[in-house]
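Chemist: The whole structure should be built from the sequences, with the hints applied where relevant.
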Amino acid sequence: MVRLLTQNLLSCPSTHCTYPSNFPLSFQDVETIEIVEAEYKEEFLRGFLNRLEWAALRKSAAELGNTDLPEESPDLAQPQDVSEEILKTLHHVLLEIQVKDGAMVCPSCKHVFQIKEGIPNMLLADHELRK
Amino acid sequence: MSRPEHLAPPQVFYNADEAKKYTNNSRIQNIQVEMTYRCLELLGLPPSEDDEDEPKPSFILDIGAGSGLSGEILTEEGHEWVGLDISGGMLEQALEREVEGDLLLSDIGQGIPYRAGSFDGAISVSVLQWLCNADASSHSPPQRLLRFFTDLFGVLTRGSKAVFQFYPESDEQVKFIMNFATKAGFGGGLVVDYPNSSKKKKFYLVLFAGSPPNAPKASQALPSALGVEGDKVAYEKTRERRKDRRGKVRKNIKDVDWILKKKELYRARGKEGVPRDSKYTARSRKPRF
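The listed protein sequences correspond, in order, to chains B and D.
The opening residue of the first sequence carries number 1 in the numbering used here; numbering runs sequentially from there.
The opening residue of the second sequence carries number 1 in the numbering used here; numbering runs sequentially from there.
It is worth saying that the hints were derived from the structure and are not from the lab.
None of the hints are false.
Some but not every residue of chain B turned toward chain D, in silico, with C-beta under 8 angstroms:
{"#": "1", "residue": "Arg-3"}
{"#": "2", "residue": "Cys-12"}
{"#": "3", "residue": "Lys-41"}
{"#": "4", "residue": "Glu-43"}
{"#": "5", "residue": "Asn-121"}
From a predicted model like this one, the values you see are computed outputs, not experimental measurements.
Note that beta-carbon positions come from the ideal geometry of N, C-alpha and C, so glycine has one too.
Modeler: As structure tokens, then:
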């Protein structure tokens, strides 16, 4: 399944793209989303905060119909100070929303990564390979 | 039996049927499980703040996740993970097993589609040797290996490790692979468990992605291998002198008298070239004889 935990870290690997213009991949034609309950792991989430991109996460969550996250991000450089309320919301957004069928598109080169049965196809065509 | 990577590209070799057989084979399951635990041990994740005996729940990259055999163990140990694999057949098996990690259909020789510093560690069980073969005329293994290691170095947080269990064809292949890992910036080396047993010997490439911002030098040392000094592999013990049923060590039959009698017998039969008896007859020789 494609969870926002992964999607918030994915960037387009094509040779035509560079970070940050190849991030985040936008969701498109999403046909099936599943909400699956997952175990709340506080230590994991606090450890994960340092690599989170808040604005991108809000945007992608909205693409999937979730607007739980506030616009202002907590101070991600101080993971121990983040409130439990925010952590619980993050838990739901990052780990419990699963995309089963749809696609992700690179904002820069427009490459479409199809998602089938929860598995995105990240294979590149020959002309897109970085040498 | 020829090596699988010489027969076909991984996504062709591990088609739907082969993937199913592989995944449901209990012997393979056991070996994969054992090697995954060893990879995690070598990964040396820091302890959890809540429970010293458990590892800190981390975000791990499973390279060549296949049918999720290794991924299930990552979940059991409390980690979140992402699995990459090029074989649709194997990923199908992982879906059937309902693994908890995110799975991606990707070719690691093309790189890794993640932002810098995404993962706390990476493991790989029985995969690296597949990257050394050109599965298409457009493939250049050196280019693919370098692209893979360069990207891997980037997606790992500073000071974290990548552990690869793999089956090298030769010492040259090991050097070939490590050359690219070094070019990409990795430190580390090879850990060989049970080096003296051809059956149980296992190769683990342990790579360090730079050093952590404030860690003591000791954490960068290569972990020690298993089965090197004194540790005996279970079935190697049978090579010692066999004991008879009552537990007494049997005497070796071929002693001096027996040899002299045998030589007399040959001379009596008229055999040519029976050596003369001298003080050297029946003297014990070094094992290499």
